[in-house]
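*Asks:* Generate the whole structure from the sequences, applying the supplied hints.
Protein chains in written order, with my numbering: chain A, 1 to 1388; chain B, 1 to 114.
These are calculated hints, taken from the structure and not from any lab test.
Heads up, simulated SDA-like pairs for lysine to any residue below, C-alpha to C-alpha not over 25 Å straight-line: (1) A:K531 - B:K51; (2) A:K524 - B:I93; (3) A:K559 - A:P855.
Ranges between beta-carbon positions, derived for each pair: (4) A:Q681 - B:E22: 44 to 50 Å; (5) A:H830 - B:D88: 14 to 20 Å; (6) A:A706 - B:E22: 35 to 41 Å.
Built from N, CA and C at the ideal position, the CB exists for glycine as well.
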Amino acid sequence: MSTPVAIVGMSVLLPGAPDLDTYWGNITSGVDAITEVPAGRWDADYYEPDLARRADRVYCRRGGFVDPLAEVDVVSFGIMPNSVAGTEPDQLIALHVAAAAIADAGGDARLPVDRERVGVVLGRGGYLTPALARLDQRVRTARQLVRTLGQLMPELGDEKLEQVRQAFSDQLGPDSPESAIGLVPNLAASRVANRLDLRGPAYTVDAACASSLVAVDHAVRELADGRCDVVLAGGVHHCHDITLWSVFTQLGALSPSQRIRPFDKGADGVLIGEGTGVVVLKRLADAERDGDRVYAVITGTGVASDGRTASLVNPDTGGQVRAIRQAWLAAGTDPTASGSIGLLEAHGTATPAGDAAELATLAEVFGPASATDRPVIGSVKSMIGHTMPAAGVAALVKAALAVHHGVLPPTLHCEDPHPALATTRFRPIAEVRPWVDEVRRAGVNAFGFGGINAHVVLEQAPTSRPGPAVVLEPERVLRLSAASPGHLAALLDTDDATVLAASLDEREAATGPTRLGIVDPTPKRLALARKAVAKGAGWRGRNDVWFAPKPLLGTGGGKLAFIFPGLEADFAPSVDALARRFGLDWRSEALVGDVGRHGTGVFQLGRLLDTVLRELGVRPDGVAGHSVGEWTAMAAGGIHSAHQVDAFLSAFDPDALRVPGLAFAVLGAPADQVLAALANQDDVVLSHDNAPSQSMVCGPAEAVEALVLRFRADGVISQVLPFQSGFHTPMLEPYLAPIQRAAETYDINPARVPVWSATTASEFPTDPDEVRALFVRHLLEPVRFRPMVEAMHAAGFRAFVQLGVGQTGSLITDTVQGNDTLVVSAHSPHRDGIDQVRRVVTALWVDGAEPDVRPLLPESAKRRRAPVRLDLGGALITLDSRTRLRVPGQASALDSLVDGSPLAAELSLLLKDTADVAAELLTKRRPAPAPSVRKLDAVLPVSVDTMPYLLDHCFFQQRPGWPDHVDSWPVVPATTVIGHLMAFAEQAAPGQRAVAVHDVRLSQWITAIPSVDVPVSVVPAGDDRVLASLDGYSRAVVELAPEFPAQAPAPWTFTDERKPDLTARELYDERWMFHGPRFQGVEELTAIGPKHVRARLVTPAAPGALLDNVGQVLGYWIMASLPDRTTVFPVAIHRIRFHGDHPAAGEELECLVRITSVTDNALTADMQLVRRGRVWAEFDGWSDRRFDSDPNIRANDRAPGRNTLSTVEDGGWTRVHERWPDLATRELIMRNQLGSAEREQYDQQSPRAKRQWLLGRIAAKDAVRRWMWEHGEGEVFPAELLLRDNEVVGVHGREAPPLTVSVAHHGELGVGIARRGRCGIAVEPADDPDAVAKASSAALEKAFGARFAPSDGAVPEVRCARIGNPPGLPSREYIVAWTADDEQEMGT
Amino acid sequence: MSVETTAPVTEGQVTQDQITGEAVLAEISGMLRVLLDEYGLDDVEITMATKFHEDLELESIDLVSLSADLKERYGNQVNFAEFIAGFDLEEIIAMTVGQLVDHVVVSLREAARG
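*Replies:* Now the structure itself:
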């Protein structure tokens, strides 16, 4: 007996099946994947079924095709997308399928460390594959065309003929000698070895249709000999070249009825398929040792030829019989014995001669029929066609899956079985059946042209396997949906195998309202599910079974909550693999009992799970937390930024929270009972009302212990907990300062989703001050978790997902009691996060949500991020209209030959057609270059009425509801301007498209308030080009053409990149970008590197917004990469080239930005926008101007209502230095700091005075705003305040405090002071010897007037300080003098 | 070993001869079945080796209900709360029905001895 070999991994790409799971699903449900030949494979006019047969005619056009599935993520294999065109597609498909098979076997890590012990053997035939066919066209056909034309029409001359050759060759794309290696046929195996670093034997074998099984035979011998420990074996065939169809037509092998019906009496021929399959093979003993999943065991292989027989075409049974007997001899099983075989996967080509010979062989080897033993015969060719060299592996994979799952699959179209079947033991089946043999054993046939035959014997893996079972594949999830519980019960009313085979694809949307989901559907769980469904009541999660008779979510209308746990006694997160899968940063060093660091861990875990669930498309309708989990909820809900919470927690001193002598205890009793027991003591307090059966108390350790003993004596389960913090009790108050300080510095943002407070058992308030106040109350008052959950339930929440460690979920279950609520945890100590999150996704799906499960699936099943679609086509070349114009035909000489020569007639027709097209184009589209463009003068009205979307493109933030839109400064984005320039150019050249813009110059912003009519001019600027200008603002040269260029450049690829530290959401929500919703198209910041950034965009509806988003992505790069001068606006673009119509709103694109230069003043980049793998637009030399900005200026831009440009000094005055020497930046600062009335005053200042006047205003208004904040005011925007003499006035309803204000400035310094009483401030250059005296008297004079003289001796105190310019400004020192505070209200 | 649910015994009338492991297991199984019925696990097999957490998926809050049931059945003769007070978290997770049965038997015998 030979060495048994285990199949431990498999993958395929076959008609209708991009992967293994789909293939098996298609097989069991009987999917017929045969279609008509897709356009592009060969030209439709070859199909002439009614004409006499000829080598270049076919009578059949149906077959098995993979065109829409032929997508490979080449970049992940280190292959540049631009080399794909010159590479034989089957090599890339083989690589893709081989990698998927390895992944299916448990991944690269399961391969031997010694790569020399891994081999690859693939069956592949010598056909005219697509890339070779293209090479043949380039090398042979081009010359043939020219030679024939030259011989028939010598008057064309060499020059014309060269033009023809060139025109033809150009259609084949650029010559790329560097990718010629991609045409060498054996690379189907060698490229796999090369890219996957497999160093054992790697080669292809050609045994026609037996190739795959001959490859398996080689692999088995490599393993048996011990040269290899793992061999990938299989076959590839991706050739639908018309020459192959011609061969089969000439042989008469193709089915005239265009149906492939193996073993049907009326079978009349084969249909051609294509595909690739790879299996991963190991010696069975090694697989058992390594704990591999074994699909099936190859126990024997046989290969034999017919030898000298009557015909090379017609099969002979002699060779087939010997091949099969050889294999069964090796397997050590008598093929004639009863029960020897359950499934024969036949060659089954459906040709009369082939089927008859195969049936005769089977009768001879396996013996005649018996009443009791009727094994099944089938052929997957009935579903996918004959995949030629890949046919053996398609059959082998099918048989191995059947053995593995214990299911006998159906064969299609065998309605009237071949009479010879009766002479065999075998019968075909049309429906899937369970396979109940004692040992499931299968045989697989593959017989090739010329008489080469191969057979493989498979049997099920031994059931008892030593060592621990290692689950290599993700846990299986059964999903069923039905119209009602009754229908679902009917679906379940059959054997387990049939139920499992009926499972829905997790990636597809389901329609039925009644749903069942089981993770790891064991027979026990299936039995439980049948009972639960029969009862008809909801079942939500016990034993990993979920059943909802009616959905709670989705159409059920219920809301979904994320619940973040607080500190639990046991904190052991198990999310390492989950974090890796989602590429998230995760490290856990938390120690229980160390509240601070434990808090960090709890927060990070909550945020990780929040990110993961959102990536899975799970979005909460509300968030809440238990205890300090509420902080996580506030961040997840958007009230606090994650950065600030991170910063707070990383700086948090755990000791600051340890309240000596305190203890917590958990009591198994309701809060009212606990409160009653506490009625007579004031040292211990209720800290948590958790659930009807659980409360917590806090107090001095001894008193808490006494209480625990008291409750326990009463039979109440009670426990002292390992925390000593005093959280949620008044006992924390003396220790509150550090937390409170941090809380005050937090920015309070509007919540993105409602955040619930367990202090008030209601939603958080919206007013930031109330939020801050509640934040503090939460620390001092009991956690009212039970009342909050009750209130959420009353508000419609029906699903609660726990995002963290512990038993918070069971508190919710205890509170909501009953069948109408789903509680599920995204974390479990029993399994890694991926598996637990799979349960969340299943549970939510069952209750009507539609989460996106793909990120949880193994690589092979996931949608590829940026796959490249392979060109499998072999169509004839058709010249595009431009080329036809460039090479006009001369038909005259030919015309004279027409009568005598059919070829000349055809050529003449062709040339005439060309001439007609040319004429049409010349007359209609391009009468003549110069007059084709008419001069255009027009007007572009710009206002917020004509362009309402500009209200989302305002540079400055104002108070919500601020009536004066001009203060927000709505500006037409540069990219919208470009769109207008293109539109005007098209208007001036009817019928032409703007295909590119050159030399875009953006010299001035177009503001929409007040509205303005911008003059537009379009003038011709040479061939195909116009100069379009918005006079005074911008201009561009627009290139026009009848259609967009056909050849798009290849998308760029990058290395050396990391995950961005901001999400796209944070980019907007934290106001890193000023853009409002209509300009927020950046959906994902994908990756950033030292010289590039990548993002995913969703086209917004607003004109120009998509290209504006490209600028935003560039803006993100500089912000993330450089410390200052990160405010950028576009000023020029060298060129943008478009390759199609503008994407529609909602379309997704990938944005690739390549930084080309960074100087102090400019940032330049090239970009690509990639739509479905193709470059839609390419930008060359996009130049941004860098404006002066530092982190403080940015903070002001982001939140002007909470930040100041000034700093406050001892003594309560403010100072601001001019950190923006550049005029353009000063204009931006000015607009952010001044309201419209003040801007008018500014404009009236002399150019020299403007700078210092502005500094003074800023300092004084900042002094007022700081005073207001210190007196409890919330957001105050600069434009809300106006200085009038020494007073401050509120604008648009803002009440200004009754303050006196004083301002001074000198050089690059502005200072201000604001007080309730009189005050004055002055500044003098320090190099003046009398500076102190001058400044002091000036300050006094400002406060009390010029004639001030102390009458009663009470001289107001004046203080002085010497300050200097900060680095980066001219070196200069100043004396500042200010009157001290006579009310001592701002004591220093 | 599988045990059928027996008819509940009236509270307080525990006699010496009823204090056998088998009888107590039957009673506790009955309580657990009532508790588990809410979860649809009414026909799960309960033996001395059955684990509260792993096999029955009970969480600590469920033990509060069980504690109340025990108190109702055995009054102050058995104090489940004090029994598990000595356990740490891992021991509670690993606790079997048998451990509880043994505790109840010992408690009842002590009480009967007076």
